[in-house]
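**Student:** Each chain, written out:
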Amino acid sequence: MNAVKTIFRNPPLLTFVLVALVWLVASFTLRGFGAYGHLRYLLELAAVIGIAAAGQTLVILMGGIDLSVGAVITVTAILLPLISPAWDPTGLVGIALALSIATGIGVLNGAGAAYLRVPPIIMTLAMATFLQGLLVIVAGGSAVTVSNPAVILLGQSRPLGVPSGVLLWLAVSAVVLILIHRMPIGARFLAIGANPLAARLSGVSLPRNTLILYALSGFFAGLAGILVLGMNRQGYVGIGDPYLLTSIAAVVLGGTSILGGRGTYAGTIPGAILLVTTTALITVVNASPGWRSIMFGTLILALLLVSGREARR
Amino acid sequence: MTDQKPLLEARQVFKGFFGNPVLKGVDIALRPGRVHALLGENGAGKSTLINLLSGALQPDSGTIAVDGKPVGRFSPAAARAAGIAVVQQELSLTADLSIAENIGLGAFPRRFGLIDYAELHRGVREVCAMVGLTEPLDMPVADLALGRRQMVEIAKALYRRPRVLILDEPTSSLSAHEAGILADVIEALRDRGTALLYISHRLNEVQALCSHVTVLKDGGVTADQSLSGIDGEGLVRLMVGRETGDLFPPRAAANPGVLRIGVEGFSAGLVRDITFSGRAGEIIGIGGLVGQGQEDLLLGLYGAIPAKAVKAEVSGKPGLPADVGAANAAGLVYVPADRKHEGLVLPHSIASNLILPSLGRLARNGFRDRAAETGLIAELAKRLTIKGDVARPVQALSGGNQQKVALAKWLPLDPSVLLLNDPTRGVDIETKREIYLMLRGFATEGRLVIIASSDTPELVHLCDRVVVLREGAVAAELSGGAISEEAIVGAAMGVDRKGAAA
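Protein chains in written order, with full-length UniProt numbering: chain A, 1 to 313; chain B, 1 to 502.
Treat the hints loosely; a few may be bogus.
Straight-line distance between alpha carbons at most 20 Å, and here's what the computed SDA-like set of lysine to any residue pairs gives [unchecked claim]:
#1 B/K340 <-> A/R262
#2 B/K340 <-> A/P196
#3 B/K217 <-> B/E169
Because the hints were derived from the structure by calculation, they are not lab data.
So here's chain A without its partners, still in its complex pose (with noise of 0.2 Å):
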C-alpha cells in the first residue's frame, strides 16, 4: 500500500510504471510488439520528441512556453542540407551553423518575452509563423535531400546496436537533469517558475534567465530537428510540426506543472516514450487516419488524468 501511494507521488516514476505496463500487456497480446527491433525503434521516435521536450521542460518550468518547437526543427532540417558548405569533409560545420541559428531564434523569443515583455505564448508563436513563411520563400515547398555525413551518421548509425539518435536522447538527458538539479540556474528556474516577484525581490535577473531558457529551447529543438533530418534523410516544410503538442505532451505526462514552478526533466523522458507507444498502438489498430487522430487525442487526454495530473493548490 505504501509502495503504491509513493508511486503516486511521484509523477515521473508513475510514468516510467504506465510505460512497463502498457509494453508488458501490448508484448503479450501483439505480434511483434516485444521484438527488439520494435522496441528499439520506438525509442529512436521516442529520442526526436524527448530532446525537442527537453528545452520544453525548462521553458515551463519557468513558467513560460515554447510554441516555434515545431517550427525551429523544421527550419533546422530544411536549412542544414543547404547551408552545410561543400568543403567540409565531416559535416560539422554544417551541424553548428545550423544549431546557431536555432540558438539564435531562441534568443529572438526570449528578447521578446523578456524585455518587450510579450507574452511568450504570442511571442513563440508569432516566431513560428514568420518562419513558416520564410521556409516556403526559401525552400519552395519542396523537400530538400541531405547529403552531410555527420548527419546521416547521426541518423542511420547504430554503435552495439543501439541507435545514435538514443545515444544523443541520453547525453541530452544527463545535461538537463544535471542543470535542472546539479547548478544553480536549475534551482533559479523553478524559484522563476513558482514566483516570479519573489525571485526577483531575491535577486534573480528575470531577462537574464528568460534570455537562457529560450535560448537552450531554440538550441535543443535545432538538435532534435538535425536528428530528425538523419533519420529522414529529407527535410520538407511540415516536418517538425508534430513535434510541437508532443513535446508539451511530453512534459505535461511527465508530472512537470503547466504552470510552472514544479517538475522535472526525469518525467519528460517516459513521457515522451508513453506517447510515441500510444502512438504505436494506434496505427496497429485498423482505423481510417480521422479515426487515428481522435484516438490519439482522446488517450492522451486520458494519459493526463492518470498520470500528469495537476495537483491541486
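With chain A's structure known, arrange chain B on it following the hints.
**Tutor:** Same frame as chain A, but now just chain B:
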C-alpha cells in the same frame, strides 16, 4: 434620537485568521439618525469588523444583530436584504461597464427578464444628482478620474436606499469640493434616519460629521463614547496610549557610523523629491498612513522600481542601484511586507527558499555544492530557531516562521543595509520580540536597518529615528525624545501638535 433601537449591532464578536486573533470581543451598535465614527490604527481590525457587519465574513463567535434580532448565518445577500450598504475603500467597480450599469449592478430593474434601462436610468439619475455626478450615465467608468469613481461607488450604495450605510475611508481620493458634497449627503441621510458608520483617517472630518466614536485597538474596543467636547488631540490620544511591556529591546546610545545611504531629490513611485539618509548602526523607521510611499521608498532604494535622485550615495558609491542584483552586490537586502507573494516561493521547501539568494555564491565550478548548502541551511535554521524538517514546503509554516525564513535567507550575504517592509505584520507576539532583538543586534553590529511599519509602537520603541511620509513627501523627521506615538500619528494625519484639525 440616539435612544432608538440599534439597526445593526455586533455583540462580542471574535474573528481570527490562521490563528491570529484580529477581533477580540468587539461590541458596536449603529443607531438610526446617527453618524458613528470608527477609528483605529492600521491593523486594529476595522476592515474585519466592516466585513462582519456586511456579511462578507462570519464571526468565529459572537453575534450580528439586525433590528435587535440576532441573525444566524449573515451573508452579503442577507445584509443587502436588511438594507445594509458598504462603500468600500478598494473600489468595487467594473471599469468596462457604464456609470448606470455599475450603479445598478446586482439590483437591476427587470422587464421580461431583460434589464429595464429606462427604469435603471431613472433611479440612477436620482442618486447621481444627490452626489453631484453630472457625467453622461452611459459613460464607461474606466474614463472617470479616481475621485469621480469614488462618487459612483457612493451613488451605487445610495441606489439601494440603505437603512445602514458603512463608509470606509470614502474621502481618501476625493477633492475638497467632492468631500463637501459627500458631507451634505451624509447629513441628509442622517436626518432621514439612516444609521451611518464612518471610517476615516481625517480627524477633522470625523469631528465635523460624527457624534459618536468607537475606537479599536489590537482587536479590542478602547473607547465607545460620544464625541462632544473632544478635540483633535483628544481623538489622537484615544487611538494611541497602551502599555508596551518589555516587547522591545533596550535602545543603545545612538552612535551612528559612516553614511550608508544618502539621497537628495529622490523620487520613486509615489515618493516625490525627498531627502533621506542613513548611517551604519541606525534603525530608521518609516511611518505614515497606508500607501503614502513607504514601500516605494524602500523598493526605489533597492532598485526594484525605477527611481531617480539629484544626488545619491549608496554604500560609499555614487548613484542608485540599477537593479536588484546591483543592490544585493552593494550590500542592500529587502524583506517585503507581503511575504506570501513577494518574499517567499511558497510551494518550495524551506531549504530552497533559504538558499535562493546564496546559490551563486555557494556554487563551485558552476555546480551546486550540496554539502555546503546543507550546512548553511542547518546553521540558518538553528540561528533563527526555525524548527522541524527544512524539506517541508514553506507554506506549511506559521506567519511568524515564514517571516523568519524571509529574513534569514539574506543573512549569508552579510548585508550592510537591511530594508524591511512591515516585518511584523501578522506575526505573533513572541516572534515579534525575536525579530526586534535581531534587528537591534544588526544595528549594534554596524548595519543600517530601515524599517517601514504600520505599527506605531514599533516605530516609537524600536527606532532611533523616524521619518513620517505623507502623500509621498516627508511630513516629519523625529529623533530621540521627540519620537512619540502622538507625534507620529499627528504628522501622518496632518494634524499639528496643538491638536488643531488641519
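**Student:** Sort out whether A/P196 lies within 20 Å of B/K340, counting only the CA atoms.
**Tutor:** holds (12 Å)
**Student:** Against the 20 Å threshold, does the CA-CA distance of B/K340 and A/R262 hold or violate the hint?
**Tutor:** holds (17 Å)
**Student:** Would you check the hint for B/K217 and B/E169, treating anything up to 20 Å between C-alpha atoms as holding?
**Tutor:** holds (18 Å)
Checked against the numbered hints above, the structure breaks none of them.
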